[in-house]
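Trainee: Turn these sequences into a full structure, and let the hints guide you.
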Amino acid sequence: MTTRLFYKLFGTYLVIAVLAVVLAGFFIERELKTGLTRWIEEDLMAETQIIALMPEREIEKQSQTLAERSRARVTLIDARGLVTLDSNRQTKDLDNHLNRSEIQESRVKGKGTATRYSQTLKMDMLYVALPLYEGSHLKGYLRLSRPMLEVDRSVDKLRFSIFQVLLLIIILSMIVAFIFSMKVISPIQEIEAFTDKIRRGDVSGMLMIDSRDEIGQLSKNINDMVAELQERIRVANEEKWKLRAAFASMAEGVMVLDSQNRIEGLNKGMAEMIGREYADIVGKTPMEAFRNIALQDALNRFRQAGEIVLEEITLGDENPMILDVNISSVKSLPGQDPKTMIVFHNVTRLKKLEQVRADFVANVTHEIKTPLTAIIGFVETLQQGAIDDRVKAQKFLLTIHENAQRLNRLVDDLLTLSSIELGETKLHLEGLALDDVFETALTLISPRAALKNIRIQREVQPGLPRVCADRDRLVQILVNVLDNAVKFTPEGGSVSITASPEVQESIVIKITDTGIGISKSELPRLGERFYRIDKTRSREMGGTGLGLSIVKHLMKAHEGSMEIESTLGKGTTVSLRFPVLKKIS
Amino acid sequence: MEEKRHTSREYERELQEIKNGLLYLGAMTERAIDRGVKALLERDSDLARQVICDDDQIDKIDVEIEEKCIRLLALRQPAARDLRFITTAIKINGHLERIGDMASNIAEKAIILNEVPQIKPYIDLPRMADIARSMIKESLDALVHENVELAKKVREEDDTIDQLNEQIFRELLTFMLEDPRKIHASLYIMQISKSLERISDHAAGIADMVVYMVTGKSVRHKSSCESKE
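Keeping their order, the protein sequence lines are chains A and B. Start counting the first sequence at 0; every next residue gets the next number (numbering that gives the first Met the number 0). Start counting the second sequence at 0; every next residue gets the next number (numbering that gives the first Met the number 0).
Simulated from the structure, these hints should not be mistaken for lab results. Heads up, some of the hints might be wrong.
[To be verified] Part of the chain B face toward chain A, derived, beta carbon under 8 Å: (1) 12; (2) 19; (3) 70.
For each residue, glycine too, the CB sits at the ideal point set by N, CA and C.
Mentor: See the structure below:
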């Protein structure tokens, strides 16, 4: 209400009203004055004419009465201009009046008027003069004069009432101006408040101004604009959320660096990849956050070349991750500093698989090559004549046979392994009594144990439920594990095999030896194909390096599990967990 | 320096560059120690030679960082915190460079040791190397996070290294007394152990500098008399 625009508008109206009234007053007063003057003039003239009809002597005689009746000063002037009679003054005091303008005018035109400051009476006077004739002879002039004061007085009297009326007009126009100003101002105020609300970010609602003028049009435009704005914001938000969702759900880690090379943001994938301890990396430089030379080198290279950089880095000390890093610049809005985007792709598993495959090929060829070399070597020796030496030939042939058998075992194991891996091995699952199975396995392994003077203890808890397994495969598993136990236990040691029930409907077979044990760092790698802890010794013992790998895969096929615990120098325990045969089947 | 932004972005960038340079150098020394010891354990002389080559790179970065610090001192006239940071950076830089040299020394000895049969399994040496590495890492972590507590913890780890060094010394002494043929190798192993011990001293020095940088108080030079009691 007390806005400046209101004052401007209201003030302008007020000034216009006052100006108009003052101007009107001025003109009215002037008009009034001239009207009144003319009216008095005519009045005076009429009286003069009436008096002029009277004989001169009568005028002289009754000059006082005439002056009173006509409320005027009556003056008689002869042809030479000498004042012969004056109702108000002594004639002798007065000078020649012939050159007065009203006298001159009356002499020429027959009547004359003039308004002038009278030196005699010291005030504004209105003079009317008529020439007096006797026949055609000019005898003198009759002049009547009345003070102008009378006009002023009546104008003054009128002026007050005019002023009152004008004041009333001003007050009325003020009220009108106030109402009108308010009417103009209030929608503008409304628009102002609404736009301010929008500026503060609240784009809801719309203007309700019912008007057909420009202000109405303006509010309509603003409403349209806000609607447009709402739509645009909605679209932008949608885009933003879409992008954010994509960004968040990406498996790859994404990190954005600002122009100062500080980490500006990272997605969920990235946070998960690098773990919780790095959650506070925002605002730091990559060097501060990761302390990784390879990453920094890649960033430096990117900064120098300005091209996309692809690099493979290893991150982390304890569990190193191999990451494919892709560094590129983010196209930013004009005027903004360029940003850098780093995409991390975790390829640790792929790399590991690659490594396993490469190792496998290298191992297989190596394993095959060794007996083959021996066979070829001995065959060549035989060819070169050793065949004639019966004793030696016999020995060589034995070696060739041994190596050929080893080759055969290797190929058998490989075939078994691959058929289990491919899931081609059909398991004939049945309920097996462990006592019986242990018997079979131990029969196979006892001769080897006896050679090293190793005692084998067997303990099966009475009343154990039957396990659900394929008989031949189970024997194979036990033989493989027992074989290892016997192999790595020094002479005079002992191996025990026990079976006991476990809670979740499973039976655990434990095979414990008093062997050399396995160091902690090696444990996770057991079961990898061709993985040998002590490469030379194991091969001497005739292993193929596939034993545990086969066990591991067979256990998986039986939906069981294998755990190995070991203390270096003390011995190893292999726990095999089998499911119990369900009663129904 | 994260909290308060400098008016001049350029100035801030330069400070950050020095910090990053130190971290880079730190990571390089860590890698050098790691590889130097690995070269010894796996008897990989090629890796050892690689470590010695990499030391040139460490030296180069050392010179670069020092130049940057001096340039900044001359051109920007840093005050208070920034001044402390830069003087600290110069010192840390020196420590790291020395650590690099030590790692290079270890690699040189490893090459020599790889020529002769291994006299004993290395168990304590890799432990020492691990601790020394983590000390460097932690002292630089303390620099990044301006964490005084972590810096003080680094100083404590130094004692473990000293004990391990003692232990190796005694062990090697018995080896040498038993079999004079092992003296040659033992002396080199002892030098490696000594190098690792020196590395840990430098790492503790870095941690002390971090404490100084953050608090403005010097914690170096404990009284020698007291520690002997």
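Trainee: Each of the hints needs a verdict: does it hold here or not?
Mentor: Verification of the supplied hints:
1. 12: Status holds, d = 6 Å.
2. 19: This interface hint holds because 4 Å falls under the 8 Å limit.
3. 70: violated, 19 Å
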